[in-house]
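S.K.: The chain contents come next:
4 protein chains.
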Amino acid sequence: MRTGKEYIDSLRKRNIKVYVKGQLLNSEEVVDHPFIRGHVNSAALTFELAHDPAYEELMTVKSHLTGKKINRFTHIHHSVDDLIKKVKMLRMISQKTGTCYQRCVGFDAMNALYSTTFEMDAKLGTTYHEKMKKFLQYVQDNDIMVAGAMTDPKGDRSLRPGQQADPDMFVHIVEKNDKGIVIRGAKAHMTGMVNSHEMLIMPTMGMSEEDKDYAVCCALPVDAPGVLHIFGRQTNDDRKCEGEIDQGNAQYGIVGGECLTVLENVFVPWERVFMCGEVEFSGMLVERFACYHRQNYGGCKGGVSDVVIGATAVMADISGYGKAAHVKEKINEMIHLTETLYACSIACSAEGKPTAAGSYYVDPLLANVGKHNVTRLIYDIDRLAQDVGGGLTATLPSESDLNNPDIGKYVDKYFKGVASVPTEDRLRIARLIENMTGGTALVESMHGAGSPQAQKVMYSKLSNLESKKKMALHIAGIKPKAVEQPPATKGK
Amino acid sequence: MRTGKEYIDSLRKRNIKVYVKGQLLNSEEVVDHPFIRGHVNSAALTFELAHDPAYEELMTVKSHLTGKKINRFTHIHHSVDDLIKKVKMLRMISQKTGTCYQRCVGFDAMNALYSTTFEMDAKLGTTYHEKMKKFLQYVQDNDIMVAGAMTDPKGDRSLRPGQQADPDMFVHIVEKNDKGIVIRGAKAHMTGMVNSHEMLIMPTMGMSEEDKDYAVCCALPVDAPGVLHIFGRQTNDDRKCEGEIDQGNAQYGIVGGECLTVLENVFVPWERVFMCGEVEFSGMLVERFACYHRQNYGGCKGGVSDVVIGATAVMADISGYGKAAHVKEKINEMIHLTETLYACSIACSAEGKPTAAGSYYVDPLLANVGKHNVTRLIYDIDRLAQDVGGGLTATLPSESDLNNPDIGKYVDKYFKGVASVPTEDRLRIARLIENMTGGTALVESMHGAGSPQAQKVMYSKLSNLESKKKMALHIAGIKPKAVEQPPATKGK
Amino acid sequence: MRTGKEYIDSLRKRNIKVYVKGQLLNSEEVVDHPFIRGHVNSAALTFELAHDPAYEELMTVKSHLTGKKINRFTHIHHSVDDLIKKVKMLRMISQKTGTCYQRCVGFDAMNALYSTTFEMDAKLGTTYHEKMKKFLQYVQDNDIMVAGAMTDPKGDRSLRPGQQADPDMFVHIVEKNDKGIVIRGAKAHMTGMVNSHEMLIMPTMGMSEEDKDYAVCCALPVDAPGVLHIFGRQTNDDRKCEGEIDQGNAQYGIVGGECLTVLENVFVPWERVFMCGEVEFSGMLVERFACYHRQNYGGCKGGVSDVVIGATAVMADISGYGKAAHVKEKINEMIHLTETLYACSIACSAEGKPTAAGSYYVDPLLANVGKHNVTRLIYDIDRLAQDVGGGLTATLPSESDLNNPDIGKYVDKYFKGVASVPTEDRLRIARLIENMTGGTALVESMHGAGSPQAQKVMYSKLSNLESKKKMALHIAGIKPKAVEQPPATKGK
Amino acid sequence: MRTGKEYIDSLRKRNIKVYVKGQLLNSEEVVDHPFIRGHVNSAALTFELAHDPAYEELMTVKSHLTGKKINRFTHIHHSVDDLIKKVKMLRMISQKTGTCYQRCVGFDAMNALYSTTFEMDAKLGTTYHEKMKKFLQYVQDNDIMVAGAMTDPKGDRSLRPGQQADPDMFVHIVEKNDKGIVIRGAKAHMTGMVNSHEMLIMPTMGMSEEDKDYAVCCALPVDAPGVLHIFGRQTNDDRKCEGEIDQGNAQYGIVGGECLTVLENVFVPWERVFMCGEVEFSGMLVERFACYHRQNYGGCKGGVSDVVIGATAVMADISGYGKAAHVKEKINEMIHLTETLYACSIACSAEGKPTAAGSYYVDPLLANVGKHNVTRLIYDIDRLAQDVGGGLTATLPSESDLNNPDIGKYVDKYFKGVASVPTEDRLRIARLIENMTGGTALVESMHGAGSPQAQKVMYSKLSNLESKKKMALHIAGIKPKAVEQPPATKGK
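Chains as they are written, first to last, in my numbering: chain A, 1360 to 1851; chain B, 1360 to 1851; chain C, 1360 to 1851; chain D, 1360 to 1851.
None of the hints are false.
Intra- or inter-copy, both count: the list cannot distinguish identical chains.
Below, a list of computed lysine-lysine pairs in the BS3-like style, where the Cα atoms sit at most 25 Å apart:
1) Lys1380 to Lys1599
2) Lys1447 to Lys1712
3) Lys1447 to Lys1820
4) Lys1829 to Lys1447
5) Lys1571 to Lys1535
6) Lys1444 to Lys1712
7) Lys1538 to Lys1571
8) Lys1380 to Lys1768
9) Lys1815 to Lys1682
10) Lys1538 to Lys1490
11) Lys1838 to Lys1772
12) Lys1455 to Lys1364
13) Lys1455 to Lys1840
14) Lys1364 to Lys1421
15) Lys1838 to Lys1599
16) Lys1535 to Lys1490
17) Lys1490 to Lys1421
18) Lys1364 to Lys1428
19) Lys1380 to Lys1772
20) Lys1492 to Lys1421
21) Lys1768 to Lys1838
To be clear, the hints were calculated from the coordinates, so they are not data collected in a lab.
Go ahead and model the full structure; you've got the sequences and the hints to work with.
M.R.: Laid out in structure tokens, this is it:
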């Protein structure tokens, strides 16, 4: 298993093309760019903590392929315990970073692909599962960081892939030959991509027969020829080029460092192709990935919210209102909401079941319920943090003002809370709250792992409404026959 | 294990004093009183389903005392799996009854007492645990229904037990002799009491040294000399004395059939006394009972909500608006909320841990989180049911109108929805929604297992806020020392 | 203007057919039936208070037709001040009754009809407005209580009136002759109908050409030949046949005493016909009525909520927890929600505008916003009342238990709160909270004046979304042309 | 009345000391600094629109002092109509700027001071009111922009001003002489201060006798000797130094351009001193200012939300999902919430009453209700905007990427929505949503005009809970005497 340092060093050896604010970065120095460094640091923790005996049980596991001790982020879940440990690992790391460390996306993609290729092969006689296992062993043996790559740009959302004015709005196969395939398109919102080794391309939704060329799944290096990455802006990203305090979380940054990854006729050899036109399995792959990924949010956002709660409580203490009844009530409410999120992640794990391939899959309904709660409750948690945190997160002067010889004394004097605590500490906590509760951080809770409607759509499918109707009929003393299927009505 | 019928027959043999609306019931016929019969029916299901092979795994278990197969409601949890099965059992039964079946209260009381007496004995050298095990074996061998009895009337809530104008506002010991103790007071909101065999008295809160006589825990038959029960009113209880339709759920009723149980100098022999003045363990007993009991609510209310969802969906279908987008969205929202409750119960079970006695205890923080969500989300679920269900639940004529030879035809004609479904079926569903979403049913979700503040109080204790503060300080780059403990401030 | 007593006496002179629980009542004694008496009492206050000098300004006004002083409930609004006074009058009466007094429905119907007939005549050359004014003068001169009658049974909601299997699911004209018209069908959820003098029939929605016979508006006595009324059940209605305490609000009851009114080939003379097939004006009439009626809810429910808040605060005081911080916070939240409702009613009145007829119409968007808030916030208010009110509202014994010579002493002893307050007072407050926060009362807040979706539908129409889009384009620096109307997309 | 250009020109003539990010700006160029220019532009609109005939009625009014036509922002309200026009004016300007234009703060301060000085003089025999009127006439005649300056740094919130370790945590009088007073301290979160002409200093809370020197109210130029301003950071402020698109709202910016204003022994002549130690009137002044200021939020945030709604709807349209049912429902919900805010502002204005001075004051309870709703509903509105707006607001590349010759084509290609709309327009709308829904904008809705608890505290005072209790007692049939005042209880 790599250490954090080895991971960072390995990234320097890539020949990756990354653009930030219109500039192509030097490939070796990508990890050092101020916009990117924090994301690298947080991802590095997923390597480093695997060497910490205190976290051995959460961070490492024995490979079912090789029997070797591996980093859990490269593991295929083989028990309910694995699923639960994943959630606990995520919460623990988030408590240290206060932000995303990105590595779950590839982790989830590999788990989704593992069982899907097994079932695909069983039904269609293909050989994807063996190829996938070889890729997996490569990932495990070399402690590879894999970026899961699902979301396409999608263009006009009312049109299917093949109906778009521009055929590249979804990644698709433009050529097949005896060595492999050539793909074209782009993947948007790519978390951790610029500091990964490999990417795992997946279709963005269930495809129908007419969109066969869009049903493609494959793995390739992030620096393969034809690949380039355009780094996205984040809230207050420019502050990363200045001092430390105003960043709020100077070491780890915010969210996952997303980019647009452009695939300009990229070649992928057959041994890394795991789906190629099997449209009937595209939906299964998407759904499994989505559910594994939605499982995470009560873990990682739970941990992030722990930090928000802590920061809020510290701000109250050092401003002199930590003992006010309404403040304590608000902090308790933040705890309530945070643990509700966590409960959903634990529950969908505890209710996990084995797949045909022997790997374990979360309860899909509860995984969706958890993510859907994240799209709401994080907003409430952050609202309460901003309430208790005070208006200063919106009006604090800059770090340069604090350092200015003429006016630094005023900043120091007038932003002090209780007399015993240095003003700089209060500024730091205010900036941390600012960093964690606005802009990019909120939007990620909304749209990461699927926007709210994506979960709601699953409820209709997963909740077995018909059986609930029968329960009601039974208790109401109604014979099911008469009511069950009222004939289709005419009219509007 | 008793069958449902054997359970009901056994109740007739009691010499119990129950008053309903000012009338003392004939002891043998208590189970037949229209106000009580539904609660008996639902409790009987907890016996009957234990004999159904389909539910054997959920409903039965091997006694850790005797190795015999017992009804799970008399079991002491000995694994996470036991805790999870409890939740699933509760949801399943609720889906059949649409209401409370009461037996979890005694179940939870016995589990709380089991580990508490063990720890009490270990610390104080008492012998309560062995006595408790004997009582437990009696319960298991005879498939006894035990009513958990915790809530005292409490009088003036700003005063402690010993400060009350009337010393009986909390149950207390008035005499001790060589055979046993004599207690006096009352227990309020006693769920399932009038159709139980035994009651298990517990203190209602942690007691301090000055309230030593109030720290009492013991078991006694519900028909012991000096005991009488005054049955509480429920929403629309008088309809139970008329026809079937207007009741909504004529077979199982609503909530748990609560009563006030008066204890007028009641003797309890020493072998049934499990706490007698050990004030330092009263808080532990209360907290364990509360957490076991709060664990349930995502199970039982989850199942109840399944029925509400089903009834709502049926009403939409048979009224012709089942396919409207906003209706489907509302039903999906009800599913979302219901599964959120369920997730909390599963999660606190999955995170259960062994006690010193070897029995398993739920995660107390998550158990509280679950119950607290019930105090809110059930109101949202029921609001949506009333929204989709339509105004007719508030204005439907009576069953007698439907049966009236002159006007029955109008009721039948004008309350019809889609033409193919009999009007009576629509009335039945409307009455079921009415029954399940108003009055008593709502209040029970609020106050059963403790009112909202009871959970909030636990958050401060259980959530380890100090560790969260340290996380925030670390990420904000602040040295903990300076901030951690600001000196006490003066002034208000 | 009639006094309350004169109003009640006048009701005895009707020859009305009312069925309650399958029994046809003696016409003279309708007002004395326990199910009905409370509603009569609250309606009587709308007459009685007009003679109280303290309320003269709110309750009375000068008729624009005759210049005479009239009861405001028979007035046509002629200023913003009239609209605001209406809201204040409603809140004031609700504070005295704690429930509905029904008379606003006919009040709103007359106001809607007044301006609609004026515009109908102007466009179509009909003479409805003059006829309507004659009816109005009759109402004003005789202080008539008019029931507004809009909601049809509607059968299969996915079908239009003419598509229903049974043509009577919406009231329609079955015959026209030189004396008048004959109508047939029913009106559901008729508030205050059984204690009114006249009813004003309106169509339930905008009609299209094919449903011409359903576009009918007319006035007729509630005891006209062919009319019969089937009284609806309410939560705990049977308690009205017993003592006083358990009713909660023995004098005024709960909600408005709704019934199903059956119209079996009822003749209406031409002078009382105000719409007869003019489908293009049916939508206008419905919308105006709906908006006038939705205006009320922040007034009447505001006043009702004042009583709920007061009852909750009293319960807290007399139980000893009135000073707890979380209780005070909850009561403040109830106040916040109540005043939000009131603000909407005041605002839609303050923004009222004159119609072509010279009468004043509320701001329709804000009126809908107010009612929509009622469908949510009342549930929150009542949830908080049940929270603070305590579990006893769900488990209190009956009044007969309190009066029983053997056990009355226990009820008195164990339901006491602070020592100085008689237990009976605590029971009364608990019963009032029970009465006001469950069942029928909730459903009425949801569906009275239109269910939530009815308001949401209006938003699309009334909020001028296109202008908001232009504002955003302007600020974003986008030329409107390119974006404004993206061409229709193909596909799903 | 000044035009917008005249206003900006006048600002250049000040000798003001403003620091931005550690740099002292050239006084003449303060208005041109990229961090400040947007705020100047939006404030300039408050001058410019007064010359637009379309807005004459909203923007201008006749001075009650001179009879001359003045800008409404310098007016003292003299009718309900004035109060309502203020709200409509604010909503209208916000719809044009999408952000704060700052001028209401001084407007509200002057109105609060007008009636308070009148009552102070009446009671104490002081002559503040005449001096205030002279200041007011100066403001009206010269169309002065006045910054209201209330919030002190406050230090340790558990201590009163005089108890602080540093006596300057609240502005206080350090010297009085025959020409005037000398004050010292700072004012935080000063909206619009750096582009105002004058500031109006007020105490931040009701003072007690021991804090006499802190009860000070006075007016002084923003560039008076001893005054300096440290400009606060906002979300993404650095983007203002780059291109236009990434700013979202390049012309008007975000919120109000807040600063810390330091007062280092500043002299104020007696003719500009309006309170000097009269502690008993400090609370009245604070409360009046707070209520006038809270009145605004449904107007200005209503208009801001109109722009958010419009931007959200445009994004949906140009991405191809504008017709999806769930999207339309969410936009309707945003409308509902926005109009609820507006209704509160209209209502507190419509219920306005004359003060002793003849000026009009809003209904204080409803004004607080409105602001309190803003602290919640804006978060919901913005959450929905981020939901419908899509994840791209968190991951969009920079404007420089769009302009890069190598990769601009990819940004253009892959961020396109429906084919007919230029990608740049979609980027602009996304950036506008980003700008308006995160960070500073949210915090301002929370804390501007007082944090949530500030309103809740007022509810207890303003809502007349005692009268509500009496209503409940009356309806419950309880004699008030017994219950009204339970004797004080002992114990905790």
